[in-house]
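Colleague: The residues making up each chain are set out below.
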Amino acid sequence: MTRIILEDVAVDFPIYGAHRSLRKTLVEHTVGGLISQSGNRLRKRIIISALRGVQLELNDGDRLGLVGPNGAGKSTLLRVIAGVYEPTHGRVLVDGRITPLFDALPGLYAEDTGYQNIVTSGLLFGMSRKQIESKIPDIEAFSELNEYLSLPVRTYSAGMISRLGFAVVTAIEPDILLMDEGISAGDARFAERAAQRMHQLIHRSSIMVLASHVDDLLLSTCNKGALMSEGRIVAVGPIADILKQYHA
Amino acid sequence: MIEFATTLCHEVSEMSPSSISTNSPQLEPPAAGENPRQFLLTNAGADLVGGLKRYDIWGRLGWLEVRRRYQRTVIGPFWATISFAIFVGAFGAVGAGLWHQPVGTFLPFLTAGMMIWLMLSAILTEAGTLFVGANNIFGQTRLNYSMLVYAMIWRNLIVFAHNILFFFALLLLFSPSDVNPNMLLAIPGMLVVILNCVWTTLLLGMFCLRFRDMQQFISSVIQVCLFVTPIFWPPEILTGTERGFIVSLNPLYHLIEIVRRPLLGQIPAMVSYEAALLMTAIGWTITYFVFRSFRKRIAYWA
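Going down the list, the protein sequences come from chains A and B. Taking the numbering used here, the leading residue of the first sequence gets 409, the next gets one more, and so forth. Taking the numbering used here, the leading residue of the second sequence gets 62, the next gets one more, and so forth.
So that you can see chain B by itself, here it is in the shape it has in the complex (with noise of 0.2 Å):
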């Protein structure tokens, strides 16, 4: 294909810029460091990591987009927490019931679950637009895609950390016998959660950018996995039925495991981290070839 051609130039150019002097005799070498030497010959690791390093910028553009959202109210990011601690207090006095749970184990379970989901969600169906709308910011110089990435999932992040606050309250109002060292295994499994969420971004970024039927797919299937996923209902109820493989192979369910069992003050099953840590490697693994192959198309398809 014609990316593959032009791949190849671009690493030729990339390894030798000499080669291009003795084309034009005239060119001297260009002096170290006195201008920034910009050749428009990037590929998807350096796409990654160059955008990764701008936090300068993605930083500040998820921020902002925060901030934007809760102009002139005055609590901000706080609103999504009031209608997230609303619907868990509703929703968390009828499941109670519904699967015969003390409130105070069913509660900080259904909170962990469905803040994680929430940021989850958000970040699946943003990823659908994620290049869609975003010509005003790469239309006139040369970025790194994988900083659009970025700003969205940090944006999310921050919305988390609010949310994050209320479930601590209500984990200490409730069941305060829960709070243990465990609790620090959610660290390392909510950074494989991102490292999850940075491909699935970047790969969903591209998909619906090039076929746009595909964001309504996907947040339909959204939809969906909220219900099949063990976050209102939990998962022991399915365990050892025959509908078991609901959960056992819920990629979804392996990753919100491996941060709300920490969260609740318990350590997640090894076959929550494998099923993450497998899907970690096999969704960079094809992502990366995708970004490489496709990542100069991203601009043509915008």
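Same shape as in the complex, but just chain A (with noise of 0.2 Å):
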């Protein structure tokens, strides 16, 4: 039983930009809050509300498109059920693996090979040394590197390392799939795999939340939709309903 559970959950990022520094913070303690604009009694400072008051609940077979604008909060909701944010407000409680398939491998090390890079992300993924052994024949077919997996991955061209990056990602078995805008891979011959290796993926998955601008994509992979507007969702339900209240 897989399943994600949002709380109320609230996350509010501090901008500390010019005054990130000891100096600037003990005079702001010692003058009372230089700049204000939101903030406790305590110190005041520039706040940015990414997420606000969001109740989300995902089960078995859910396939969620998030939509909405620029800046509206998808990255930083697939950010908080991927963990890498503890919310400021409410909780989240999720069962099942998650599989995040944002932007570059976590970890990933130029100087290192490409081998040694599939196993420290896959470390890093949760898996064991020994999962990772027996998806590397799978992840050397589809990435088709070939020697290169055994060279440092400096020498790799930026298609080559996001097709290492898809290929070790699509290779763990998902219960929770989050993706941001989808992804790109290599050249047009390997996009066409890596979008039909996706779609498996996808297949095997529980649950899959995607961020997306593409219409087309939501339409064919998700069967649930939510609408996002400055931090809070506006609305949830069927992907074809919320894309259409997304346009007008």
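There could be a bad hint or two in this list.
[Stated by the list, open to error] Straight-line C-alpha distance at most 20 Å; calculated EDC-like pairs for lysine to aspartate or glutamate: (1) K538/A x D117/B; (2) K632/A x E589/A; (3) K632/A x D470/A; (4) K543/A x D117/B; (5) K632/A x D649/A; (6) K632/A x E519/A.
Hints are computed from structural coordinates only; laboratory data are not their basis.
Two chains, two frames, a set of hints: combine them into the complex.
Modeller: Below, the structure written as structure tokens:
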């Protein structure tokens, strides 16, 4: 039973920017808040509310498409589910293994070989050494990087790096698949194979959450949609309806 | 503060996941053991222990970093040892003359102290950038932050292990008579040092992530520490004088002593053990509470 429950989740990003330094904070404490945008009585600071009052429940078979304008909180929501950010308010319950398909591989080191990076990333994704070893033939076959896998990643082209990343993350048995904007991967021929593999992966997953601006992708992969605006989930429903509402 | 409210909330849901089921009756109780259960609620203790258990990750991260540093070199980390040996050889000759010490005792003393110092200063310096540059590791999945601490300390222990080979060679060459069972005391001493390194790294790592000026501050403090800590000079020079407090109140001195003395075949003074253990207790208490309160802010500060 895979599920995701978000209860009244809020995420506030403090923006330190210019006054990130200790000196300024000390000054603020003595002067009593130089820059005040929001904050509590003790220390005023600029805060961006990336998510506010988010309620969400996803169960087996849910494929949720997140839609909304830039800055609506789609990526932040994905990262809250992934556990990168613990919400500043509310709680998150995730039951199942999470596979985040964001940008690059976690812990990708240019000086390490392809094989070394496969193992490091696999471990960081929570797999055991043995599980990773068993996935290596699959990754080798799919990435088609052949002898390059034994070379340092700095020798790869940008397309090759994304092929490696794609091959690794898609080799993981997913319970919960989190995707940001879909994944671009390599040349035209590879992109086609990638799309196919992605489709299988989504099929095998129990829950998928996809943030995207591409209507076709959303309509073909999702059965539910959530419209986001200014950090809130404004509407949840069938993906087609949500897209209609979004474009209205 | 906000942190407290959410911590409470997390604890509640951790203790009674069933309360959520009552809120949403359509949920069946999860089949035990079928899925890896991943509540996004951990606390400081779980982070520290959970991180330690993933020795496969931090062991690898630390080891690969050593390899990366010495990539395409033939003798690898022994380069660190060689530059260390050159320094010890050169300063050993000067220092023995300066403090009127026989080379046979001064050289092992200098080598042992310097070797521990190199490790401590590297750990303290790198602690400042530990979380700052680690976004590529924890920007995508939930990981225990403590893992990065272990990886960094492990990496420095690997370099230390190379240097200690040089020390033993030197000891056998210059004063083989000092080799005795007291040396085994270096092992518990080292454990205490490592325990102190973990809390310091964690605390400094968080502090420097939030306040970016601290890195610079720490590196300048470390430079000074090298000179006020008896590494280049024997502590006996100052004991009993009015400047004795520079030695006796120096926490780094006591930490170094509980490893250095045994390595030289001597038993460390009880006061050094007491100081080191006191530091461990106080340091861990502070760090634990800071980590508990601010652990989840690390991602926001990064």
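Colleague: Hint by hint, say whether it matches the structure.
Modeller: Each hint tested on the structure:
For the hint linking K538/A to D117/B, the alpha-carbon distance of about 11 Å falls within 20 Å, and the restraint holds. For the given pair, K632/A sits about 16 Å from E589/A by alpha-carbon distance, which is consistent with the 20 Å threshold. Taking the CA atoms of K632/A and D470/A, the gap is about 7 Å. The hint holds against a cut of 20 Å. The hinted pair formed by K543/A and D117/B meets the criterion: a straight-line CA distance of about 17 Å does not exceed 20 Å.
A distance of roughly 9 Å separates the Cα atoms of K632/A and D649/A; the hinted pair therefore holds under the 20 Å criterion. A distance of roughly 42 Å separates the Cα atoms of K632/A and E519/A; the hinted pair therefore is violated under the 20 Å criterion.
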